[in-house]
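Number of protein chains: 2
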Amino acid sequence: MNQLHQSIVAQNIPASSLRAFIPFAEEAKKNGTTVYHLNIGDPDIKMPQVMYDFLRGWNKNPVPYSHSQGEPALINSLLGYYSKIGFPFVQYNNIQVTLGGSEALLWIMLSVCDPGDEIIAFEPYYTNYNSYAVVAQAKIVGITTHIDNGFHLPSREEIEKRITPKTRAILFSNPSNPTGTVYTEEELDMIVDIAREHGLYIVSDEVYREFVYNGSKAISMLKYAQSMPDQVLVVDSMSKRYSLCGARLGCIVSLNTELMSVFLRFGQARLSAGTIGQRVAAKLSEVGDDYFRDIIVEYDKRQKIIVDGMARIDGVVCSKPEGAFYVIVKLPIDDAEDFTKWLLTDFSDNGETVMVAPASGFYNTPGMGKDEIRIAYVLNSEALQRSVEILKKGLEMYKTAREA
Amino acid sequence: MNQLHQSIVAQNIPASSLRAFIPFAEEAKKNGTTVYHLNIGDPDIKMPQVMYDFLRGWNKNPVPYSHSQGEPALINSLLGYYSKIGFPFVQYNNIQVTLGGSEALLWIMLSVCDPGDEIIAFEPYYTNYNSYAVVAQAKIVGITTHIDNGFHLPSREEIEKRITPKTRAILFSNPSNPTGTVYTEEELDMIVDIAREHGLYIVSDEVYREFVYNGSKAISMLKYAQSMPDQVLVVDSMSKRYSLCGARLGCIVSLNTELMSVFLRFGQARLSAGTIGQRVAAKLSEVGDDYFRDIIVEYDKRQKIIVDGMARIDGVVCSKPEGAFYVIVKLPIDDAEDFTKWLLTDFSDNGETVMVAPASGFYNTPGMGKDEIRIAYVLNSEALQRSVEILKKGLEMYKTAREA
Chain A
0 MNQLHQSIVA QNIPASSLRA FIPFAEEAKK NGTTVYHLNI GDPDIKMPQV MYDFLRGWNK
60 NPVPYSHSQG EPALINSLLG YYSKIGFPFV QYNNIQVTLG GSEALLWIML SVCDPGDEII
120 AFEPYYTNYN SYAVVAQAKI VGITTHIDNG FHLPSREEIE KRITPKTRAI LFSNPSNPTG
180 TVYTEEELDM IVDIAREHGL YIVSDEVYRE FVYNGSKAIS MLKYAQSMPD QVLVVDSMSK
240 RYSLCGARLG CIVSLNTELM SVFLRFGQAR LSAGTIGQRV AAKLSEVGDD YFRDIIVEYD
300 KRQKIIVDGM ARIDGVVCSK PEGAFYVIVK LPIDDAEDFT KWLLTDFSDN GETVMVAPAS
360 GFYNTPGMGK DEIRIAYVLN SEALQRSVEI LKKGLEMYKT AREA
Chain B
0 MNQLHQSIVA QNIPASSLRA FIPFAEEAKK NGTTVYHLNI GDPDIKMPQV MYDFLRGWNK
60 NPVPYSHSQG EPALINSLLG YYSKIGFPFV QYNNIQVTLG GSEALLWIML SVCDPGDEII
120 AFEPYYTNYN SYAVVAQAKI VGITTHIDNG FHLPSREEIE KRITPKTRAI LFSNPSNPTG
180 TVYTEEELDM IVDIAREHGL YIVSDEVYRE FVYNGSKAIS MLKYAQSMPD QVLVVDSMSK
240 RYSLCGARLG CIVSLNTELM SVFLRFGQAR LSAGTIGQRV AAKLSEVGDD YFRDIIVEYD
300 KRQKIIVDGM ARIDGVVCSK PEGAFYVIVK LPIDDAEDFT KWLLTDFSDN GETVMVAPAS
360 GFYNTPGMGK DEIRIAYVLN SEALQRSVEI LKKGLEMYKT AREA
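Residue numbers (numbering that gives the first Met the number 0), protein chains in the order written: chain A, 0 to 403; chain B, 0 to 403.
One or more of the hints may lead you astray.
[To be verified] Covered by chain A, per the in silico footprint, the following chain B stretches (three or more residues, Cβ under 8 Å):
| no. | segment |
| --- | --- |
| 1 | 51–58 |
| 2 | 106–120 |
| 3 | 338–351 |
Because the hints were derived from the structure by calculation, they are not lab data.
For every residue, glycine included, the Cβ atom is placed at its ideal position computed from N, Cα and C.
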């Protein structure tokens, strides 16, 4: 008789690092405490009106499968979008629609890594990269970046010394989740040089592309796609850009025709992405520039509330995010996981508390980020102002409580 | 310098077996020919009115992520559904919502198989099982079933002699795609005995559960779940049952708590299934029995049109499907792939032709099913009647053309 078997993948696929804290938040709410959620990047901004109207005017019954590559209307709208942001060379077959950026990243790792192969990523990085790597049985090699220089990249030498014969790709998000860092042209040039020299894929996760502050712009890796067509793989998503997280829509953009045909076969295996969401998102071609302009103004304002507010707290170091809607904050405590839990279980201020994300889950190197948290500023200004106040009081009381 | 790498998975993931024929269908349509699609199982039946109304009354903006396990309203509705069909013991944590039955099957294979492990499936089987097996680097061992006995199972000895120390699971769909077979209680008892004796999982793909004819019912493997809680994994889907293919919604039902927690971790890695579709599907608790009664009457009528019509064609053998909306038909020709292509490229009758699915793609054993096609009866009665006529004329002309 065989043993009922669980695979290595089943044994290793990690639980969400926040999951352990959710029951505490639920318990706090049950006890009547208001919890401000600074822990996840689920935007509160409204989706574009043209999408909302289209959704409410839905008139297809039944809801059929879409094409495995993606709904033609959506792919055509995306072509217009990429052309508008400077990449008119992107063709229909360079786009594969996916069920969120998640599916895109999973397929890429499964396609470029055999078990035991390595992917370089700059830590702190988006936690779910670890899950996709487990499924592909690949190893993420985390190169540490630091709060002191706003989590910008280390030197070329630092990066190159981590490359081995098993390295297949360099992976990063830009603008970055969880740091808010937007990489400079010099940094991207360096990555491109390294990838060229060592024969690596560059996987650029650009789901926060529009969310950049100070009148600046994020540079898409598509800028380099024509000069290294087989190496550049861009991951994109409609989730944050159009506040459509729950539509589960993303895409892969690449000029690598062989890999695009591999991705299409992955797409055929799961038939299609969601048809309703795709037709809604296809309306992106009718979304005006003012939609993003207003959002950036709003997030910029929120960012300042968090950064300025946190910086005024004794002993707190807060990097100034250049993009996305996250910031890593270093706290004058030893154990941010304990603090996160304590905020939910042992503290409230006038019946209110906050839930943050301890940053250790975003690091690959054991022990890193233990005194850091990630704050997502996806609440309105008043809620954020109040959250800073609560964190300030919380830190004071926590230090007293833990010293007692 | 490393080579730009493509993984074994990337090299082996198969293209849809129908894909090669789609350009011919598109070409035929461009030339003004009407093509009746008997090749895919995208139902033309309307979704329940209560779901359609809910969708059109959508008022959530933005569309947030759902829970990783699934939208609570949907899970609760599913609990009511399983209770109603005889399984009141199914609890909240026994259900994991997935992006279609596809994602469910992928996660199961990834969780119970390490590379090189084996899954027994009864061929002909749903082609995409091969794709999920490639991703898990597992091997599907196809045990052949035959049209002569309506594709019912071979003897216990036939099955057991294919079990090796690497066998992890027995996988089947019931009612079956592509054969329409509904397994008897004796057959399921046999599978259960084999799984018990050899320590195997039973993966029962029940996405066509309601589609059974002649007043009969399909037996869910949930019937056996309490007596072998760790071994039974049921795959389900809202796609066919509620004509929601494009909503990409399915689920895994199992009493195996360890594996359910693994599936939840897979779920966390991709954040959530689609929120809109889940809230729409949650209305399944308000769908009356008459919805299915009417559908079954309709499919039963369609099935008879195809089966009776095809049986009247010289040399054709047509099994009588007991469920689902597919039937395998054996044709008096050597090469059903060639015939499928010929119907699209070289034939039309009064400007009309049909597209069918050659059955060889549903077999794992090379050379099997070369003279068989699968017909999906998801068109209305008149279209099906006309399709039979076209197939009859097509077969006559094809034989003349190929003999010339």
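Going through the hints against the structure:
1. 51–58: Check passed, 6 qualifying residues.
2. 106–120: This one holds; 7 residues, not fewer than the three required, reach chain A with a Cβ under 8 Å.
3. 338–351: This one is violated; 0 residues, fewer than the three required, reach chain A with a Cβ under 8 Å.
The structure is inconsistent with hint 3 alone, although it conforms to all the rest.
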